[in-house]
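**Student:** Take a look at the letters that make up each chain.
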Amino acid sequence: SQQGEEDPQALSIQEGENATMNCSYKTSINNLQWYRQNSGRGLVHLILIRSNEREKHSGRLRVTLDTSKKSSSLLITASRAADTASYFCATDASQGAQKLVFGQGTRLTINP
Amino acid sequence: GAVVSQHPSWVICKSGTSVKIECRSLDFQATTMFWYRQFPKQSLMLMATSNEGSKATYEQGVEKDKFLINHASLTLSTLTVTSAHPEDSSFYICSAPARSRGGEQFFGPGTRLTVL
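The listed protein sequences correspond, in order, to chains A and B.
Everything in the first sequence is counted per my numbering, starting at 2 for the first residue and increasing by one.
Everything in the second sequence is counted per my numbering, starting at 321 for the first residue and increasing by one.
Simulated from the structure, these hints should not be mistaken for lab results.
All clues stand as given, with none of them false.
Straight line, CA to CA, 30 Å or less: simulated DSS-like cross-link-like pairs of lysine-lysine: (1) Lys-384(B) x Lys-27(A); (2) Lys-361(B) x Lys-100(A); (3) Lys-70(A) x Lys-361(B); (4) Lys-70(A) x Lys-100(A); (5) Lys-384(B) x Lys-100(A); (6) Lys-334(B) x Lys-375(B).
Here are the in silico distance ranges between beta carbons for each label pair: (7) Asn-53(A) x Cys-333(B): 43 to 49 Å; (8) Arg-61(A) x Val-323(B): 22 to 28 Å; (9) Pro-406(B) x Gly-60(A): 38 to 44 Å.
Glycine included, every Cβ here is placed at the ideal spot set by N, Cα and C.
Just need the whole structure built from these sequences, with the hints factored in.
**Tutor:** Structure representation (structure tokens):
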């Protein structure tokens, strides 16, 4: 079953603006990961944040994790047309088995 | 970074035939691999966990006799869709965790299966 719920389901912004996507989950987790998927392609790993971490940065990406609210957000700053893709959060709550459960995803469109 | 490959990248087959999809970890060993299915405009649904040297573990609702998984070595897992039907048409993706990278999973590029 899908644990993660993401919002918005679709987001369309102008190039240069910031994009924020949110993910909520239901159970305790070991870590939460964000992935990007271009249409019809495989997944690209963006960031892994552990349950004892609150914030992580990677380039123009910023991920926060609030375990009390069981939610995470992905912020992409200074968006580019190449950021157009679907973004998924995935949670690992599997007690070492490393099974990921994916959220429904956010389709991000960056308009030039 | 770690690389996972899949073969073939796409396949078209007739109803009733079987199709084998390979998933390889190219530069690391993977005792565990995961198989996902993704329908258009939807998220990834975990189908099964492939375990090297032992039986695969299937998620609820996934028919183990229809989706045969073999994890014969530390770098190769295969998914065979048996007696394929049009409703099996989907994007199949495998992943493997690289333990040396603290749980980060690496995904294959996916295989698009179309059953006529």
